[in-house]
Amino acid sequence: MRLLIQLIEALSVFLVIFYLYCRSPAFRPLKAEWPRPRGKVRLYLVFTGIAVLGNYLGIPVLEGEAIVNTRAVGATLAGLLGGPLLGFLVGATAGLHRVTALSGAAAFPGAVATTLEGLLGGLVHVALRRRPERLMTRRVAFATTFVGEIVHMAIVYFLTRPFGQGAEVVRIIAVPMILANPVGAALFMAVLNERQREHDRVAAASSARALKVAERTLGLMARGFGPEVAKELAAIVKEETGVGAVGVTDTERVLAWAGLGGDHHAPGGPIMSPFTRQSIAGNAVTFADGVHQSYDCRISPECPLNSVIVVPLQIDGAVLGTVQLFEPRDRRFLNMNRTLGEGIGALLSSQLLVTRYQEQKNLLLRAELKLVHAQVNPHFLFNALTTIMAVTRQDPARARELLGHLSNFFRKNLKRSGELSTLREELEHVSSYLEIEKARFQHRLVVETDVDASLLEMRLPTFTLQPLIENAIKHGLSAAVGTGTARIRAHRREGAAVIEIEDDAGAYTERGGGDGLGMKIVDQRIKQLLGPEYGVSVACVPDELTRVTVRLPIEGVRR
Amino acid sequence: MMRALIVDDELHPREELALLLAQTGEFELVGQAENGVEALAAIRRERPEVVFLDIRMPGVSGFDLLSMVDDDVMPQVVFVTAHDEFALRAFDEDAVDYLLKPVSPERLARTVERLKQRSAPSARPAFASAPITRIPCAGKRTIKLVNVSDIELVKSTLSGVYVVSGQGEYGTELTLQVLEARAGLLRCHKQYLVNAAAIDEVSLGDGSNATIRTRSGHSVPVSRRHLSRVRELLGI
Numbered sequence: 001m002r003l004l005i006q007l008i009e010a011l012s013v014f015l016v017i018f019y020l021y022c023r024s025p026a027f028r029p030l031k032a033e034w035p036r037p038r039g040k041v042r043l044y045l046v047f048t049g050i051a052v053l054g055n056y057l058g059i060p061v062l063e064g065e066a067i068v069n070t071r072a073v074g075a076t077l078a079g080l081l082g083g084p085l086l087g088f089l090v091g092a093t094a095g096l097h098r099v100t101a102l103s104g105a106a107a108f109p110g111a112v113a114t115t116l117e118g119l120l121g122g123l124v125h126v127a128l129r130r131r132p133e134r135l136m137t138r139r140v141a142f143a144t145t146f147v148g149e150i151v152h153m154a155i156v157y158f159l160t161r162p163f164g165q166g167a168e169v170v171r172i173i174a175v176p177m178i179l180a181n182p183v184g185a186a187l188f189m190a191v192l193n194e195r196q197r198e199h200d201r202v203a204a205a206s207s208a209r210a211l212k213v214a215e216r217t218l219g220l221m222a223r224g225f226g227p228e229v230a231k232e233l234a235a236i237v238k239e240e241t242g243v244g245a246v247g248v249t250d251t252e253r254v255l256a257w258a259g260l261g262g263d264h265h266a267p268g269g270p271i272m273s274p275f276t277r278q279s280i281a282g283n284a285v286t287f288a289d290g291v292h293q294s295y296d297c298r299i300s301p302e303c304p305l306n307s308v309i310v311v312p313l314q315i316d317g318a319v320l321g322t323v324q325l326f327e328p329r330d331r332r333f334l335n336m337n338r339t340l341g342e343g344i345g346a347l348l349s350s351q352l353l354v355t356r357y358q359e360q361k362n363l364l365l366r367a368e369l370k371l372v373h374a375q376v377n378p379h380f381l382f383n384a385l386t387t388i389m390a391v392t393r394q395d396p397a398r399a400r401e402l403l404g405h406l407s408n409f410f411r412k413n414l415k416r417s418g419e420l421s422t423l424r425e426e427l428e429h430v431s432s433y434l435e436i437e438k439a440r441f442q443h444r445l446v447v448e449t450d451v452d453a454s455l456l457e458m459r460l461p462t463f464t465l466q467p468l469i470e471n472a473i474k475h476g477l478s479a480a481v482g483t484g485t486a487r488i489r490a491h492r493r494e495g496a497a498v499i500e501i502e503d504d505a506g507a508y509t510e511r512g513g514g515d516g517l518g519m520k521i522v523d524q525r526i527k528q529l530l531g532p533e534y535g536v537s538v539a540c541v542p543d544e545l546t547r548v549t550v551r552l553p554i555e556g557v558r559r
Numbered sequence: 001m002m003r004a005l006i007v008d009d010e011l012h013p014r015e016e017l018a019l020l021l022a023q024t025g026e027f028e029l030v031g032q033a034e035n036g037v038e039a040l041a042a043i044r045r046e047r048p049e050v051v052f053l054d055i056r057m058p059g060v061s062g063f064d065l066l067s068m069v070d071d072d073v074m075p076q077v078v079f080v081t082a083h084d085e086f087a088l089r090a091f092d093e094d095a096v097d098y099l100l101k102p103v104s105p106e107r108l109a110r111t112v113e114r115l116k117q118r119s120a121p122s123a124r125p126a127f128a129s130a131p132i133t134r135i136p137c138a139g140k141r142t143i144k145l146v147n148v149s150d151i152e153l154v155k156s157t158l159s160g161v162y163v164v165s166g167q168g169e170y171g172t173e174l175t176l177q178v179l180e181a182r183a184g185l186l187r188c189h190k191q192y193l194v195n196a197a198a199i200d201e202v203s204l205g206d207g208s209n210a211t212i213r214t215r216s217g218h219s220v221p222v223s224r225r226h227l228s229r230v231r232e233l234l235g236i
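Here the protein sequences line up with chains A and B, keeping their order. Residues 1 to 559 in the working numbering are what the first sequence lists, from first letter to last. Residues 1 to 236 in the working numbering are what the second sequence lists, from first letter to last.
The reader is advised that the hints may include incorrect statements.
If you anchor each label on the Cβ, the simulated ranges turn out as follows [claimed, not checked]: (1) Arg45(B) with Ala397(A): 37 to 43 Å; (2) Arg45(B) with Glu494(A): 55 to 61 Å; (3) Ala87(B) with Leu403(A): 26 to 32 Å; (4) Ser407(A) with Ser149(B): 45 to 51 Å; (5) Leu158(B) with Lys527(A): 54 to 60 Å; (6) Ser537(A) with Ala196(B): 25 to 31 Å.
In case anyone wonders, no lab produced these hints; they're calculated from the structure. Glycine is no exception: its CB is placed at the ideal position from the N, C-alpha and C atoms.
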């Protein structure tokens, strides 16, 4: 009984050492690393250390012929975690140590037994490999070690020479060792699991914080990367992560600073830190944790900051700038780690990419729109002038009226460079155009308009109606030999505002090539401003009608 | 005085041009047409020496129209359009002139000079030799364009020329000669053309006659004169 208590005391010392090891930076609770050669070597060293320590912390009995020990814990755990080979090696090494460094009659049998226990742990590992959640449990550690110790006793019993002394040894050591070792193994496993969970928790918390930052910067980054945005970005990152200070730089100077050291890390100053330069040059996260590597402020010796993560912001591999998280010297536990830095960097960078993409899409749309109008209007103008010249001869007053419509149309074309117009403005713009087309095509063109008056003040992207109506006239009605009717309707339907432009030529399917460009641009702009559920759709019954439907939210575009 | 036809789908430009032509004192206006079908009929009927032709028109463009005109009535051509992007093609292919809308009297005077320098067209202008792929037919309110590949046969009757497709029968202003030459249809009878791709069956009658049945079941007579050529082309 006294022996058991002594052994448990020894085991406790052990656990304390192991616990401290687990808390130290040397411990890598990365399961993913274990199967790799480096991880295996690490496991081997750690558990051999544990097993050898078990030798020294053991209690000699029978004048040192035998040692009541906890060597089995190291060997069995090594087998459980690393497989048969590792278990075998750890067991053999510890056994060899037992034989060479601490002699005794039971040394050799003990060594053989420990090797087998390591192997046993490895076999359990193989058996449960596919279900790691069951392998890494206290119960399995306990049971494996328990069985291992019984085998241990049998081997000692039979292999100890002179025969008979084995029985003596087993009588003394069996109960303490069979009880203490499994308990020890189970406790080790518990510590290990606890540490692993904690690590996961920290990683999850880092990811969560990175996501929180990303969520709040979503709209911000859409405005593009510059001093204004940098200032808000720094404030958001500081608030969400709780670090001592946050800096934002472009590739040359500091754009914004929030937190400690703001007195000397003023926006506008050049980049001084080698960490930042390294980060920009290598497009990689750099981390000075303040222990192995410290951040030394080059500007002020009074600067309280001594650890930093520098996160590059990049688009397509080109670094635009960095976000830097600092902690002061007196902060014991850092509010940041590499995972957090990498998370923030990846999320902000992808936001920048989306912004860049949107900008380019916008530019393209605007350029296309300009092109379409540049192409269409001259012909419209020449045709209109030809008509007006003819009308001038017969009806000068009517000609003056048409010139009025023409100048009105072009003035509106020029003025309407803004992004949004009301439906009323759109209809006015279109009506000038239609007046002239009606004069051109005479009886061949009939236009009917039916608009829900409550929708007139609704805002929609400028130039939504004009290209669609121009299409209807150009491809629908002017392509028809007889009379064509165009109907422009606006009404509410199923909670949305619907504008329909209909012609009765039904020639839509015969349109091809670039003729659909105007419509495509209108559709894209609406979708971009209002979302994918809105936009332009076309229905066509050949030779009967083409209906272009514009779907918008009732309230139009809100700004 | 040159006999002139104006073809434009818009009323005001037609009227304006008619007035400008009258002012030169060089033209006798024989008609105005507002689409391709009307224009073809007017060219055949009036045999104008010069046609002032809009390019962008519903259904049949100015270029299309020219490829459908019979050789023996082909007039000189002056294009009149608001679009300058066709100019190169028109000049490349031997148009007399190319007027941009709105037309000025001074510019028109130069056109008159050019027309006077030219004698009547000796050969078919190159721009008028494009193969015909769609045949304009008079629809109820529109010009119906029938794809040549959909056509099974074309027949000439007292009341005019009709193209017959699987969908129906449509009157056209094009002649059998033009369709044979430029739409790739096969002459099998003085009054019939057949689309070789639409032939379902050829039954040889007594003597040297034969009857073709098309895929929609229309019968087309094959005359003695054309039988050997039909046989040759079909490989029988």
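Consistency of the hints with the structure:
no. : hint                                 : verdict
1   : Arg45(B) with Ala397(A): 37 to 43 Å  : holds (38 Å)
2   : Arg45(B) with Glu494(A): 55 to 61 Å  : holds (56 Å)
3   : Ala87(B) with Leu403(A): 26 to 32 Å  : holds (27 Å)
4   : Ser407(A) with Ser149(B): 45 to 51 Å : holds (48 Å)
5   : Leu158(B) with Lys527(A): 54 to 60 Å : holds (58 Å)
6   : Ser537(A) with Ala196(B): 25 to 31 Å : violated (42 Å)
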